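The hints should help you fit chain B onto chain A, whose structure is shown.
Here the protein sequences come in this chain order: A and B.
Just so we're aligned, residue 280 is where the first sequence starts under my numbering, counting upward by one.
Just so we're aligned, residue 154 is where the second sequence starts under my numbering, counting upward by one.
Simulated from the structure, these hints should not be mistaken for laboratory data.
Because the structure is a prediction, the values reported are computed rather than measured.
Some clues are possibly wrong.
Said to hold, decoys possible - Listed below are the simulated DMTMM-like cross-link pairs for lysine to aspartate or glutamate, each with C-alpha atoms no more than 25 Å apart in a straight line: (1) B/230 <-> A/310; (2) B/230 <-> A/289; (3) A/369 <-> B/238; (4) A/303 <-> B/234; (5) B/230 <-> A/297; (6) A/291 <-> B/320; (7) A/293 <-> B/226; (8) A/303 <-> B/175; (9) A/298 <-> B/239; (10) B/347 <-> B/169; (11) B/242 <-> A/290; (12) A/301 <-> B/169; (13) A/303 <-> B/163; (14) A/352 <-> B/320.
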Amino acid sequence: MSRDEKSAAEEKLKEIAEKIEKYKLSHTPNDIKQKNKRGRQISIAMRLSTELVVASIVGAILGWYIDKWLNTKPIFFIIFLLLGVISGVKTAIATSKQLYDES
Amino acid sequence: MAAEKSGAPDPMHQFDIVELIDIELFGLNLSFTNSSLFMVFSVALIIFLTLFSFNGRATIPTRLQSIAELSYEFVAKMVRDNVGDEGQKYFPFIFCLFMFVLFCNMLGMIPYTFTVTSHIIVTFALAIVIFFGVTLIGFIMHGIKFFKFFVPSGVPKALLPLLVVIEVISYLTRPVSLSVRLFANMMAGHTMLKVFGFFVAGMFFSGNLFISPLGIAPLAFIVAFTGLEILVAFLQAYVFAILTCIYLNDSIHMH
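Chain A on its own, in the form it takes in the complex:
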């Protein structure tokens, strides 16, 4: 099988997969579709809380160890705690954007 034939076959396969997907979607009752969507939304919402909290903790631990290493208590602890909070909020915003894309 040459490369052209192979890519043509792959193209065909993709087309069929899309057709099957479309057919499935048109034959799924609306309430099941709604339920599937809600499941995905809950899964995204569950990520929000931990991402917010854990990022600041990771930042704090990083800062703590940098302080220990450089003997500069507590400058880096404070700086990295703040940076951790910022990165947590940043991740949470990115995650909640997904939530809006879903709905």
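Chain B alone, transformed into the frame defined by chain A:
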């Protein structure tokens, strides 16, 4: 179920690690614990499901075959949607991961069993493997260019040092948040179930005519909460697998 010594109910007793077979190798405690036992259980169940359900290979699948096919399709779709065609290579890993977490969670829902995923060291071990694996894949595919992942585009140069540090922190947060989420959800749910279980027992057997019938309230709560816990058990396995897909996608395609 309650702590035997003090007589007071102890909802954390269910998470105790019990050494079943003592093994010590090279000064390390490698004992076979109840945690290992339930890991073996879940792996055995997964092997049973995936190998023996296809024995008949029927066109009209049996119930067991249906379950196996559904779980395959579910994970395959997840990988295809989140990583794309390049991700198909990693499908076996993500399938194993999803099934392992799912079965550990679900086995834990059966009374008197041990929930493997309620220990952070287990979930963290899984998450750190994913973290290093995904980082390695990124470096193999993009070489030194993978460092660009930490440099957001279209940002004034003065802010760059600050933003790079923030990006690195949020990258390092990934394995921790991945493991903490699974562990915290499982542990919190099981503790809650136990606490309300003590309420039911305590109220029913209080010997007080007025309080005993009221024990039906926490019982009703437990029934509803068990349903929610089963949903959480599935959802957490799903979240674990889908986040692995998202991280994999980030390191394959960058952004």
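Restraint check for residue 303 of chain A with residue 234 of chain B, where alpha carbons must lie at most 25 Å apart: The given pair, whose Cα atoms are some 16 Å apart, holds under the 25 Å limit.
Pairwise hint evaluation, residue 226 of chain B against residue 293 of chain A, where the allowed Cα distance is 25 Å at most: 16 Å, holds
Residue 369 of chain A paired with residue 238 of chain B [C-alpha distance capped at 25 Å]: 29 Å, violated
25 Å limit on alpha-carbon distance, applied to hinted pair residue 352 of chain A and residue 320 of chain B: Measuring from Cα to Cα gives roughly 24 Å; hence the hint holds.
25 Å limit on alpha-carbon distance, applied to hinted pair residue 303 of chain A and residue 175 of chain B: 53 Å, violated
Restraint status (C-alpha distance of residue 298 of chain A to residue 239 of chain B at most 25 Å): 21 Å, holds
Restraint status (C-alpha distance of residue 347 of chain B to residue 169 of chain B at most 25 Å): Distance of about 14 Å is within 25 Å: holds.
Pairwise hint evaluation, residue 297 of chain A against residue 230 of chain B, where the allowed Cα distance is 25 Å at most: 12 Å, holds
Pair hint residue 230 of chain B and residue 289 of chain A, alpha-carbon separation not exceeding 25 Å: 17 Å, holds
Proposed proximity, residue 290 of chain A with residue 242 of chain B (alpha carbon, max 25 Å): 19 Å, holds
Restraint status (C-alpha distance of residue 301 of chain A to residue 169 of chain B at most 25 Å): 50 Å, violated
Restraint check for residue 303 of chain A with residue 163 of chain B, where alpha carbons must lie at most 25 Å apart: 49 Å, violated
Of the hints listed earlier, those the structure fails to meet are numbers 3, 6, 8, 12, 13, in rising order.
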